[in-house]
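Line by line, the protein sequences are chains W and D.
Heads up, the first sequence is in my numbering, so the first residue is 1 and it goes up one at a time.
Heads up, the second sequence is in my numbering, so the first residue is 1001 and it goes up one at a time.
Be a bit skeptical, because a hint or two may be false.
Per label pair, the in silico range of CB-to-CB distance [claimed, not checked]:
#, chain 1, residue 1, chain 2, residue 2, range
1, D, Glu1038, W, Asn143, 17 to 27 angstroms
2, D, His1193, W, Phe151, 51 to 61 angstroms
3, D, Ile1072, W, Val136, 46 to 56 angstroms
Lysine-lysine pairs mimicking BS3-like chemistry, simulated, CA-CA at most 30 angstroms apart [what the hints assert, rightly or not]:
#, chain 1, residue 1, chain 2, residue 2
4, W, Lys88, D, Lys1065
5, W, Lys169, D, Lys1219
6, D, Lys1135, D, Lys1105
None of these hints come from the bench; they were simulated from the model.
Don't be surprised by glycine CBs; every beta carbon is placed ideally from N, CA and C.
Chain by chain, the residues:
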Amino acid sequence: MKKIISYIVFAFIAITNINAQKYFTKTGEISFYSQTPIENIQAVSNTVTTVYDTESGNIQWAVLIKSFTFEKSLMQEHFNENYMESSKFPKASFKGQITNHTNVNLQKDGTYTVDVEGELTIHGVTNLVSTKAIIVVEKGAINATSSLKVFVADYGIEIPSVVKENIAKEIEININAEYEELSKS
Amino acid sequence: MKSLVSHKSWLCLVLVSFFLPLCSEAQEEDLLALLGEEEETVNFTYATFKANRIINLHSVENTAKGVLDIKISHRFGFLNGGFSELFGLDQASIRIGADYGISPKLMVGFGRSSFEKTYDGFLKYKILRQSSGAKTMPVTASFLASTAIKTIPFQDPDRENFFSSRMYYVFQGLIGRKFNESLSLQLSPTLVHRNLVRTSTESNDVYSLGLGGRIKLNKRTSFNIEYIYVQPDQLAPGYRNSFSVGFDIETGGHVFQLHFTNSTSMIEKGFITETIGNWLDGDIHFGFNVSRVFTVN
Chain W
1 MKKIISYIVF AFIAITNINA QKYFTKTGEI SFYSQTPIEN IQAVSNTVTT
51 VYDTESGNIQ WAVLIKSFTF EKSLMQEHFN ENYMESSKFP KASFKGQITN
101 HTNVNLQKDG TYTVDVEGEL TIHGVTNLVS TKAIIVVEKG AINATSSLKV
151 FVADYGIEIP SVVKENIAKE IEININAEYE ELSKS
Chain D
1001 MKSLVSHKSW LCLVLVSFFL PLCSEAQEED LLALLGEEEE TVNFTYATFK
1051 ANRIINLHSV ENTAKGVLDI KISHRFGFLN GGFSELFGLD QASIRIGADY
1101 GISPKLMVGF GRSSFEKTYD GFLKYKILRQ SSGAKTMPVT ASFLASTAIK
1151 TIPFQDPDRE NFFSSRMYYV FQGLIGRKFN ESLSLQLSPT LVHRNLVRTS
1201 TESNDVYSLG LGGRIKLNKR TSFNIEYIYV QPDQLAPGYR NSFSVGFDIE
1251 TGGHVFQLHF TNSTSMIEKG FITETIGNWL DGDIHFGFNV SRVFTVN
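In isolation and in its complexed conformation, chain W is listed as follows:
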């Protein structure tokens, strides 16, 4: 009897532990920036879906290409229609790991710099990337920000010669997410 009870108790602890390990948000912010002497292009989306598993350090996010908004509507149309082909490749996503996630102590407020690496998929092309991220823990809440530079050409995105001067070869991507605990219901 005692044995059974202790099994149940353990199982319970194990399950609640797993629950407490995952953090998420559906309103993460992602922006990218292209800088050239001719013009600067910027677009932003506030609908990044992301889950972070504090136990394993695994982190994933995804965003709909169509959710990016630009200052100029024609840029937005061309972005979807000509460059990202968003009806063919509706999402950009990342699947990876914070390699030194054990450095982050979620019980203690503080700012931690961590290394992230994983697979970034844009325009149907997947590449391995690595970068640094900053995790801020404050009263049990997690805020993560990261920045990454990618080459447009690495993701099979063609830029025609007439606008070559207007679009940077290397694009800066910034991501910022306020995570909350994921509770299973």
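Assemble chain D onto chain W, guided by the hints.
Below, chain D alone, put in the same frame as chain W:
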């Protein structure tokens, strides 16, 4: 003996609790799936056509809000003018115009054509937007109302002429569908009202149906075609249905439309009711529309 069993079971539990998290780590987990099914969003169709004109006809596209679109359109003379006319290049009819997006659904525009020194103004309102996903709508539909004022001197200055005799009105429905990335088709039932017609046998109201489409050849070029069927016995003999083919070439902020058409005029009342060219006789104009957009606010 009893205590030994209990020790064993504790040991077992400790081992299990160690392995549990390891198990979950080992498998490549789809974390995002934990968030459950994504809410389906409304997926609006965009870029049914590259420009807000197919060739002569309006397309279901609107100029975006706060965007000014300057359009310079040319139609050269008939190709069958031969070498002495440099295949029509000696003559040119021009329309200079500007379109502006007041809201995402409403746009206005005006222009001035050298042909019969005509001023025109229009407004186009988007009623339906093609979409898939949470809300499905098979077509995009718009309504166009346009007015033209012909300012060349009256043909018969001796009779009593009214200013209203210079006016033309056009009402048009636009129903378009982007079937896939490459193919879009459009139907445009149109009523052209002419306050003054040349002879009593001609109708003041002319009913017609415009058909248009495009096939994308690559990301930045499309092949466009349009035909306007005018119901018989409304126009004087000699007038023909407008037929045009052309290409849209897009480069950043510009769209170049190059085409061949038997219509001289570039506004509805003209190309629908006053087309005289016959394709079979080589009465074909080479022409182009150049559009340049400026984001005003």
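Going down the list of hints, with the structure as the test:
no., hint, result
1, Glu1038(D) <-> Asn143(W): 17 to 27 angstroms, "holds (24 angstroms)"
2, His1193(D) <-> Phe151(W): 51 to 61 angstroms, "holds (58 angstroms)"
3, Ile1072(D) <-> Val136(W): 46 to 56 angstroms, "holds (55 angstroms)"
4, Lys88(W) <-> Lys1065(D), "holds (27 angstroms)"
5, Lys169(W) <-> Lys1219(D), "holds (20 angstroms)"
6, Lys1135(D) <-> Lys1105(D), "holds (18 angstroms)"
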